[in-house]
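Student: Following the hints, position chain B against chain A.
There are 2 protein chains.
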Amino acid sequence: MAAAAPPPPPTPAPSAPTGLPDSDSTPVGHPLFTRIRLATPLDIPHIHKLIHQMAIFEKLTHLFTATESSLASTLFKSPPFQSFTIFLLEVSAHPFEKDSNFHSQSFTPIERIFNLDHTIIDPEAETFKSGINSDVVVAGFVLFFPNFSTFLGKPGFYVEDLFVRECYRRKGLGKLLLSAVASQAVKMEYGRVEWVVLDWNVNAIKFYEEMGANVLPEWRICRLTGPALEAYRDAI
Amino acid sequence: MAAAAPPPPPTPAPSAPTGLPDSDSTPVGHPLFTRIRLATPLDIPHIHKLIHQMAIFEKLTHLFTATESSLASTLFKSPPFQSFTIFLLEVSAHPFEKDSNFHSQSFTPIERIFNLDHTIIDPEAETFKSGINSDVVVAGFVLFFPNFSTFLGKPGFYVEDLFVRECYRRKGLGKLLLSAVASQAVKMEYGRVEWVVLDWNVNAIKFYEEMGANVLPEWRICRLTGPALEAYRDAI
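Protein chains in written order, with UniProt numbering: chain A, 1 to 236; chain B, 1 to 236.
Isolated chain A (complex conformation) (with noise of 0.2 angstroms):
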């Protein structure tokens, strides 16, 4: 269940209204290159940033624990899709040089253009950098894995967290990530995609439900965790 981590609400960049940006079209104005990547072990600094920044988003860093170390101990322990699972989001103001490493049986990278009115001034772009010799950034990720349906008999994916990094919201970026987890899960024929919002973010909900997701009105997270959860080492 989710890290106290709601999704921001991105919307549409207000030049692709109807959808997704359209990948053959020729860039004009200012194209932002992005391409969402399976994360690997060596993405770990940089997703322990991120999930540090959504911490701090959501005014929860009294939770905040993880560290690199925790990370790398739980992360990537198996193939992609089979257990939890990272999409990387890296932008670009130059088309991405193709990078075999990152293509793989499970995943192919996504690549789109996403054609922006101005620039986008990335104060943190130092930090966030991806690879050496490159302008290429990471701009955010999704966490997910798969969940269960007893009823539908098969599986489905629940999103953890997306997070999108301040400076590229509000693009269609959070869109473009929560798409490409919708894609794999038709795929794969999973019946379902889920995740979590909190009742008073209208704007997210909204959004949410312009992707085609229903908000379930009566159903209630119950979380067993610290002491209360300790408890139970010995209680059987």
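Heads up, a few of these hints could be off.
No distinction is drawn between identical chains; accordingly, a pair holds when it is met within one copy or between any pair of copies.
[What the hints assert, rightly or not] Pairs of lysine-lysine residues, derived as DSBU-like cross-links and limited to a Cα-Cα distance of at most 35 angstroms, are as follows:
hint	residue 1	residue 2
1	Lys187	Lys98
2	Lys49	Lys77
3	Lys59	Lys98
4	Lys206	Lys49
Just so you know, the hints here were simulated from the structure itself, not pulled from any lab data.
Tutor: Below, chain B alone, put in the same frame as chain A:
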């Protein structure tokens, strides 16, 4: 996320008002011998019937499309606890024979004796018979799988379904099943156990809170499924 399946609201048996039954106590009255073990592919026919009963209980049979075949093709594909995992609850009027088949490095079956005021008449004993030459019957199950908290930087368990057959309810067996998952989470140093409940199911909410869980008031589940999900097939 839960397949519209709120766990039943069991309450501890009168003979064990302060917690789980003591395995060392001498059986008095009408002992019910219970065992929690990992389910195996051989249990699929029983599991399928239990899920169907759950759909009837929830008045959601129109959503029930699982078949023994769909369960067989999606469950038991990973080692226990790494993906979708089922604990099966078996009961008997007699002590369980030692069955080394059910002992594994992953999980040692849990046995408890419940001392009841009356013998339980199980009208479906024949249907849910477990094994050939015994009076052991399958009484319920819990299906759970790992989830992940990015803030904690570690996994937890998500409980998708908890179900006890009608004649075995209100004796503490639901609590025993959920406690077994919580205990396993603690053993694996996981950070949380989570599940969902319907907001109007006050008995279940009270029961879960008594078990130490918090019910989170603000989070809502978003679900993308059916044609709305299918629309993402070629969207990216």
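Student: Determine for every hint whether it applies to the structure shown.
Tutor: Comparing the hints with the structure gives:
Taking CA atoms no more than 35 angstroms apart as the test, Lys187 paired with Lys98 passes inside one copy only; the shortest distance there is 24 angstroms, against 45 angstroms between copies. When the C-alpha separation of Lys49 and Lys77 is checked against a cutoff of 35 angstroms, the pair qualifies both within a copy, at 20 angstroms, and between copies, at 34 angstroms. Within a single copy, Lys59 and Lys98 get their C-alpha atoms no closer than 38 angstroms, and across copies no closer than 53 angstroms, so neither meets the 35 angstroms cut-off. Taking the shortest Cα distances, Lys206 and Lys49 sit within 35 angstroms of each other inside one copy (28 angstroms), while across copies they are farther apart (39 angstroms).
In this structure, the one hint that does not hold is number 3.
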